[in-house]
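Using the hints, put the two chains back together into the complex; each one sits in its own frame.
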Amino acid sequence: GENVEQHPSTLSVQEGDSAVIKCTYSDSASNYFPWYKQELGKRPQLIIDIRSNVGEKKDQRIAVTLNKTAKHFSLHITETQPEDSAVYFCAARYTGYSTLTFGKGTMLLVSP
Amino acid sequence: GAGVSQSPSNKVTEKGKDVELRCDPISGHTALYWYRQSLGQGLEFLIYFQGNSAPDKSGLPSDRFSAERTGGSVSTLTIQRTQQEDSAVYLCASSLAHGATNEKLFFGSGTQLSVL
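Same order as they appear, the protein sequences are chains A and B.
Using this note's numbering, the letters of the first sequence correspond one by one to residues 125 to 236.
Using this note's numbering, the letters of the second sequence correspond one by one to residues 9 to 124.
Treat the hints with care, as some may be off.
[Stated by the list, open to error] Cross-link-like lysine-lysine pairs, in silico, DSS-like; alpha carbons within 30 Å at most: (1) K228/A - K65/B; (2) K195/A - K65/B; (3) K161/A - K195/A.
The set of hints was computed from the structure by calculation and includes no laboratory data.
Since the structure is predicted, the reported quantities are computational estimates derived from the model, not experimental observations.
Pulled out of the complex, with its shape left as it was, chain B reads as follows (with noise of 0.2 Å):
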């Protein structure tokens, strides 16, 4: 595609709730980034995906954060047993590789969670 595809745009559950979050990056993209942005907090680092090599969960906030990249390419952030406090915008990025030339991020438009 174009750009960093992410679904849905929107999402609304209840607390208690499992949400799955989709990111399609740019094809040919090794690098693959999950940022968290709520109100004055900038842009949080979640887990980071570089070609095969294991990913960087180092800022998943809790165990009820996971992700997986299947086949090196589309990506699904999941929060289970949702609170308020996960709600924010999840940001989803991709870039063409890591390394001196190739570091500039693509982010997608996000998926806004709400957690009633």
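Okay, chain A solo, but in the shape it has when bound (with noise of 0.2 Å):
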């Protein structure tokens, strides 16, 4: 099955600073990447996602690229905000009947 491996497990940064979150897979098959935001006491919500057939994605502040010889991913958040603190998970599956697989989990601390 897919493994989905995540770093940092956490990461702190100043506000206005940038942050980027790293993630590889296990599974050439997998083609469908998303991002998902957990803010404390809250649920896991999803923020942004990429597809295999893309390199790169953006909304906003945020971003996601995609190297599938690498079999990598990572999320970049620019001008950090004291509300972009909250945990990230990364995670990847095939478009199919299958799991969706994730990371560990990104604690991102932005100091104001």
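Now the structure itself:
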């Protein structure tokens, strides 16, 4: 089955800095890569996703890049704000009858 | 309902007791997932239901864990003879369907299970 590794486990940045979270996956058949954000005490919510037919996707201050050859993908957050503080999970799956496998999460702390 | 509903929100039980956790997905969502969230362990996949297909039970950690989904809607996760290591937040999620355009998971608020 799929295995997703996520780094770092914790990340502290100053407000306004950029943050990058990296994930690798094992199954070359995986073709869907979402990112979920979980604020303290709340449920995870999808913030952005990318499919294997594109290399990069942007949505305002967040972007995701995908390198299929290396089997890794990254989340980039620019101009970080305190409200970006949360745990971020990457995930991977093959579009079809398969589960969504998550990484172990990255706790991002943005200090004012 | 407006979202995925889970009950109870908190459950405290004694070691060795059985517990049932309930998930009511968003109406019309054919895919339903159970995940377990322990501190530092991320979102651990337990079981996946998709329509009328046989569920993917590959994530269930032992035969003490089972789940069913009746009528393609409400799901119940049962843990028999609970152990302290079962303590975690159990999250349910649903999605409209698997496939290229309907893969967004909507999570419930979870059940915090504490086994004393």
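* **Index of numbered hints that the structure contradicts, given in increasing order** => none
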